[in-house]
Each structure stands twice: as structure tokens, then as C-alpha cells.
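*Asks:* Here are the chains, one letter per residue:
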Amino acid sequence: MNLPSSKLTSLIEHYVIWHYGRAYVDIYNIWMNFVWFVFYFFSIGVLFNTLFQPWKRMGEEYPRGFAPAIALQTFIVNTLMRGVGFMVRVIVIAIGLSIASVVFALGLVVFALWTIMPVFFVALIVIGLTLLLFG
Amino acid sequence: MKKKERIEDLSVYPILLLEDFFPHQLRHKFFRALFPIISLLLVLFVLLSFANFYIPKGGGEAPRILSLIAPRVEGLLLIFFAFWLVIYLLETFHRAVFFHNRAFRIRRSYKNAPEGEDVFYEMSSEVAGIFYHAKNGDVIESFFNSHIGPDVLVRCGILADDIRQFLKERSQVLQMDLEDLHRESIVDAVDFSLFLYKNYPDFSDFLFKRGIGEKDFTGAVKWATRVESEREFQERWWSRDNLKKIGTLGRDFSYGHTYMLDRYSSEVTIGGASPSSRELQWENEVLAVESALSKAKESNAIIVGDDGVGTMDVVSEFSYRIDTRQVPQVLQDKRVVIVDSNLIVATAKEKAILEEHLIRLLNEAVKAGNLILVFDHFTSFVQGARSLGTDVIDILNPYLLSPKLHIIVLAPTEEYHRILAPNGQMMTRFEVIQIKQPENNKVVSVLEDMAIVLENHYPVIFTYPAIVEVVEAAINYITEGVMPDKATDLLLEIPPYMGQKGKALIEKSDILDFIQFKTKIPVGEIRPEEKTKLENLEVELHKRIVGQNDAVVAISDAMRRSRSGVRDPQKPIGSFLFLGPTGVGKTETAKALASVYFDNEDKMSRLDMSEYQGEDALERLIGSFDLGKPGTLTMLVKNTPYGVLLLDEFEKTGPDVQNLFLQVLDEGFFSDMSGHRVSTKNLIFIATSNAGSDIMYDAIQHGENVHALRQYIIDQIISKGTLKPELINRFDGVILFSPLEKKDITEIARLMAEKLKKRLREEQSLNLIVNEALVQALVKEGQDPQFGGRPMARAVKNKIEKLIANKIISGVAKTGATVELTAEELGTEITIPAKKPYL
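Residue numbers (our numbering), protein chains in the order written: chain C, 1 to 135; chain F, 136 to 974.
Hints listed in this document are in silico derivations from the structure and should not be mistaken for laboratory results.
A couple of the hints might just be wrong.
Calculated pairs, PhoX-like style, for lysine-lysine (alpha carbon to alpha carbon, straight line, at most 25 Å) [as the list claims (entries may be wrong)]: (1) K270/F with K7/C; (2) K56/C with K469/F; (3) K706/F with K668/F.
Note that the structure is a prediction, hence the values are computed from the model and not measured.
Using the sequences provided together with the hints, build the complete structure.
*Replies:* Laid out in C-alpha cells, this is it:
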């Protein structure tokens, strides 16, 4: 294929403008999608809002009339169920938040790597050739 | 309006450049090749590292070889990885530009922008590519070589060889520049393809010669581009819409367990159709369900529709929208479950258990707090429970009021009207959502999606005209079931059938072939023996019908029009009113048609219309809703959807029934008792009537030509109010059957005698000699000016059959004997010896 070198220059120019321009916006958007997804997947907002609700609506109804012993018993059971619910939610939230932080951190790494990508590429070639040729 | 004046200004220009230097096909090849190489080098590298670690340093050859190989493997690995990285980056660059262009076009579409707003003209990467790669501005060749062009043409059933031929033979080369694209507002591949079609006669002629009109071409273009954009959407797995599909964890922590319900229910599954076509198809219905269930109380819905019309699809789509959080706040986090009501009734077996289980299940659902219960075939549940003595509606009633539980019930139309609608109290608790049979374009879109799935399972490719034909064939030739179900069923049957024939490209004619194979209705290519039959239909019919040339020609023409496909597909094959006195061959003509063309006299169904004159006539014909009884006409049409329907003594029927036939003859269908359409498009209607016979007699007695009085007779029938003028006009032809003349009677006598001879030969192994004496005896006995040829059948029975029976009983006519009746015998005497049997 006989292509003028001006086209190649133009292509490289477009690439560089994209790599150090709009690509950052795209990466940022995708990154935010993933962070959003971790929050979405672990339902972190919903779990926070319902933190003290009983586990799976389990519990007992308070007795009608005056029955302090049964009422106390019901109170204990219901409190326990809320406790279970709280524990499970806290664990899920904790896992979710940890993964979200990992995703967040990975995003930063990707940003950094993206910035040094050309250098990284040159380094790979240079080191690779050195090893191949000179052992 | 700002235009991009040069190709370099277009946002997709970098893609075009990239394609010049490093086309995507090549990139993908490299990508695929590099993956195993890098994996292999990586494994080697790990192995060598281990070896280096374990093999003791010092003397020996091994460490030396290792120290030689290891760094080189590492070096190769790094170099290949660098190459892989470059390709990956270029691919990402390509996609980023592509999707950016797409999003830009959607957001600020050149075409959709509000008037007066400053818009930027942007064309899609496909169009830009076609234009950019056009050699000497020849956009048509470039279109054929583009990404989308071949897809479109395959969907039109046009293959690479045809295209090459076209490029060689075309009379002009269509050249376009960027200015033309701007002027014609060509933005995407759809615009471009349609522009080519409309402005390049060579191209549209080329398509036309292959049976592709503008509608088919547009459909094919839209299908191909829709598949492409669907694929692009799937590729963007990182988009929020795609990520959402993975689901969530923990949303149900705050909602209760449902032990009993889980025993009797299942989750909703999503069908194979793509989101865009599901949305297109069910948008209004799903919104209706959403609004019904969003109400503060009595938030329940009845979805009414017949099996196969898609009631459960609406539920699936609704559930999908909940899962992907596209519903109002009040419906978010809800769980849609389908209750297996048959299982509840079957497990319970008795009233008390049934009620206990049902109430427990409902209580659980209320307590859980996020449930939407779906009862499929709710009417069967109501009836099943009723047989155990339980009133399900009564039990459900308090729950229907509760805002904590939503209930959706599905019911077939007829049962809904019969069982649920009369219950006024229940109806106030529900919003009724009627599911109608979808419009054809929606069914086409569903079938397009299904076709893509089928193409992944079978080595076939559907053309767009084939898909459209499946929809039309389902409507016209499949009498059982409703749309879109009967169309999808039909589509599913086609790939295995094509597999047997060893054909991969499924075209319109293949669908018609399959219809012929399945329904025995001749719709495919006309085969030689059928061609002969059609060409000689008059001759064949005249072998059974004496005279009545008008009738024979009219029905022969109707059959030929129907078979060649030039008839109006929305009407019956043909409809004729035969007027004439009794016994002149009206019924015989209908029978002859069934026997000659449809190969079987059973293909003629008969309705004695004199039986349908009372008030209940219509009900008996189309069925009674209250009694749940199907009608005679409905049954006849369903049993013989393709054939002849004889309406005897048509003038004797009442006005209601005449009105029914107005629709049947005009629109090719009628609605039965439960509102189902019954197609009559594959029937030939023959209505007979002896109205006006008296005028014909008078005419004959005065030596006038009956046929000259045709209009007068029709006017008389109308003025007497026997038949409505609009009904007479609906018939394709009103044909006069003139009274029989002497020579006709003789001919009929001969035909009758031959028929008897044939019957005796087959059933009794007797050889009856048809002599002149026999024919004359029949003429003498069978002629009656009032009843035409009809008494002749009686004469055959009373006279000839009687004589032969006596011969058989007396032992004269044994098996294999030849029997000849003489003039003497046929006079008054009865016993005459027969000839000896042939040995």
C-alpha cells in the first residue's frame, strides 16, 4: 500500500491527541461505572438505610393485652433478629466498600499506567531487545 | 448549520486513517495470533525461572544453557507483549472514536435537532468509510465492499456472484462527493442505502429483478443495521446498562422469606428477543402494568389475552425492567414470581388443605413485603378450586385490597369474559389490560431476533422477504393459534426442514414450499402436474358437469388467479352465486371442483342455509358464547380451511346471516363467539339459490335466451328482497345455471350410467354394459322439467340398481359377470338372464 507519510503523521497526531485528551475522560467514565457498579451490586445505599431492620423480617408479634414476660421474650427475639440483620448488612457493606476501594485504587493505577504508556512501550521494546540480543 | 467541508474534519477521520494503515481485520488476526504465542512464552518463562531456582549453580552444561535461553525467552516475551499492547491501544482508539461518533450522532443528531439550533453535521463511520474508500468516487462498489453492504444484500437474498455480475454489467457508475452526502442529509447506513436505491436506477432494477422492492430493501437495511447496533451495545459490557444485568446482592435482606410460596412458584425468565424488539413490542402493555401496580391500593392487574399472544412476555418484560431498575420508585426491589396454581390444587386434593396452603402462601407474600404474584391461567385455577368447593376469588379478595401485595392474573379472552368479568366486586380490584395480537411489523421484528438465534444453531441464513413471508403465511394459512405465536412456531420449524433439503439461504419461495408441505395448500412453485391440471381445469370439470360453461369458466379462472398469486390475498379465493332451478348441476359443480382441483370430494363442506333462518341462526353458525358451544361454520372452516364451502339454498337464510357473509366474502374472515378471527381466505365459496327459476322457465317456454335476462333476474331477486344488493355485489360472480336441454339430459344420463358402472366394477366386481337402452331409460325416467336432472339419481336407484340387485340375488350376476340390461328389461319386465361370466 502506497500511503503518504503525511497521513501517518496525521494518524499519530490524532492518536496522541486522543491518548492524552479524550481517552482520560473515557477512562474516567468507565472507572466511575465500575465504582458505581460495586455500590449497586452490594446495594450499599439500601443496606445503610435498612441497617437495623430485622433479618428477613423475622421476628415475633407483640402479645395483645398485658403479658410482660411474653413481651420481654418477643423484645429479645426481635432485638436478636435486628442484631443478625445488622451484622449481615455490616459484613456485606464492609466487603462492598473494600472492593470499591480496590476498584478505586485500580482506577488510579490505570490512569498512571495510561500516562506512561508510551514510555512503558518503549521500555518493553528496549529491555526486550537487550535481553534477546545480549542475554 | 455548520458542515464538515472536508473528510479530514469528520470526527471519524482517524478511524479511516487507521483502516488505511492497519485494517481491523488484520488487527484482529494479529490479536488472535499473539495470544497463544504470549501464553506459551509466559509458561516457558515461568518454567525456566523455576529451573533456574532449583538447578544448582556451578559446573555442568545445564546452568549454562539455562542462562543462555532464559533471558532470550524473557526478551521475546516483552517484545511480543509490546506488540500486543500496541494493537490493543489502537483497537481501543478505534472503538473510542467509533462510539464517540455514535453517541454524538444520537445526542445531537443532524436530523433530530430542534429547528434553529446550531447543529454539526456528522456522518456515521460506515458512511464515511464507504465514501472514503470509494475508488474514483464509485460509492456503489465501495458500499458492496463495506462492513454493512454485504450484510444488507445477504438479507435480500443476493449473493457475491450476483454482485460481481452487476458491477460488470451496470450502465453507469454513481459518483458522489461529500457535498452530495451533505445535501441529501445522509447520516447513517440506512440513509445511504435508501439513497442508493432511490437515486440509482441500475441498482434498484438489479434488486427488482431479484424480487426485492423498496419495502423489502428498506426492511433488510434496517434489520442488518439493527443487528449491528445490538452487537455494539453488547460489546460495551462496561456500560451501566450492561453492568446492571449482573444483578445485585442484599436487596432482599429486608424482605421476608417465603417457604410455602417457594414450593409453589418459579421465577420469571426472559425470552430470547433483544431488548429493543421486546420494548417495541410490549412498551404500552408494560407501562399499563406499571401504572396499575403503582396505585396506592387495589394495585393489581388482569392481563387478558389468548395463549400465544404474549401475556407472559409482558410479565417477563415487566420483571426485566424491575431487575434493571427502570420502574417507578414504588416498584423497585419487587420480586415477580409465577405461582403454579395447578400444583396447589393438585397437591391439596381437598378444600381445607387447599385453602390453608393458599392463605399461608398469601400471608407469607404479604409479610415478605416485596412480592408481585403472577397467576397464569387464573381461570383454570378458579375452576379447579371450585371443583374442590373453594372460592379462590373470595379468598383473594382481602389481599387484593392490600398495598403490601400485588397480584397479576393472566386469563384467556373467552374465559375472562365468561368467568371473571361477571364478578363485579373482583373487577373493581383489578386494572384490566387487554393484549391484542401485535401488528405485523412488530411480529417481523420479533422474528428477526429469533432468526439470529436460529442462525447460530443451524447452518442457515434468513432473508428479509422470507421473514415477512413467515408472518404473512402464519396469518393466511395457519388457522389454529394466534399471532405472534403461530408465526414464531412456523419460523422454528423451517431450519430443520431446510436442513433436509440441504439449502442454507432461506428465501421467500422456501417459506412457501414449507407451507405447502405443512398445510397441503398449494402455494409454492407450480409443479408440472399442477400446471397441466390448472391449464385443463375446464376440460376436467366438463367431464363431470354437462353444459353450464359460464360456471366452469368462472371457477377455473378463480382457481388460476388464486394459484398464480394475483388474487387479493385479503379475500377468499373466490365466491360465486349460482342461480338456477333445482337439478341443473349447481351442487355437482362444487363437488366437481373439490374432486378435480382439490383431489378429494371431502374438500367440499356443505351448509344447508335453509336451516339457518331463525333468531338463533347466527349463534348456531359462529357459536354461542353463553353455552360455550362452537358454531357449525367455525367448525367447518377449521376442519377444512382449504377447499370449497357450499352454501346451499342461500336465499333462505335470514338477514343476520347474510350480514355475516358480507364480511366473510369481503374481508376473508369472521369472528367466532369468543372474538377469535377465523380466516376464510383459503376457501372458495359457492352459494346456490333457485331464486329467479320461475323467470328462467318462462323465458325458456317463450323461446328466449336465459342468459340475456341475467340482469333482469338479479334485479328481481333484489326487488323481492330475497338477497341484499350489497351481498350480491360481494360475490366475484353471479352465474346463471340454465335449465337442461334434451341433449344435456342425455349426456347426464350417460355420465350417471358410467358412474354406476364404475361403482359396480369396484364394489361388486360386475361389468355393466352401458348401452343406448340404459341411457334412454334413464332419460325417460329421470327427466322432469321442474327438477332438472335430479330425478335421474332416483331413477338409477329405483330402476337400474333394483334390476341388478335382483340379478345378484338370483345368482345370475356372479362375481366377475358382465351385465347388460335390454330395452325389454328396462321396460316392465324384471327377470332376464345375464350372459355367462367371463373366465
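*Asks:* Please go over all the hints and tell whether each is borne out by the structure.
*Replies:* Taking the hints in turn, this is what the structure says about them:
1. K270/F with K7/C: Holds, at about 18 Å.
2. K56/C with K469/F: Distance ~14 Å between K56/C and K469/F Cα, so the pair holds.
3. K706/F with K668/F: holds, 23 Å
The structure agrees with every numbered hint stated previously.
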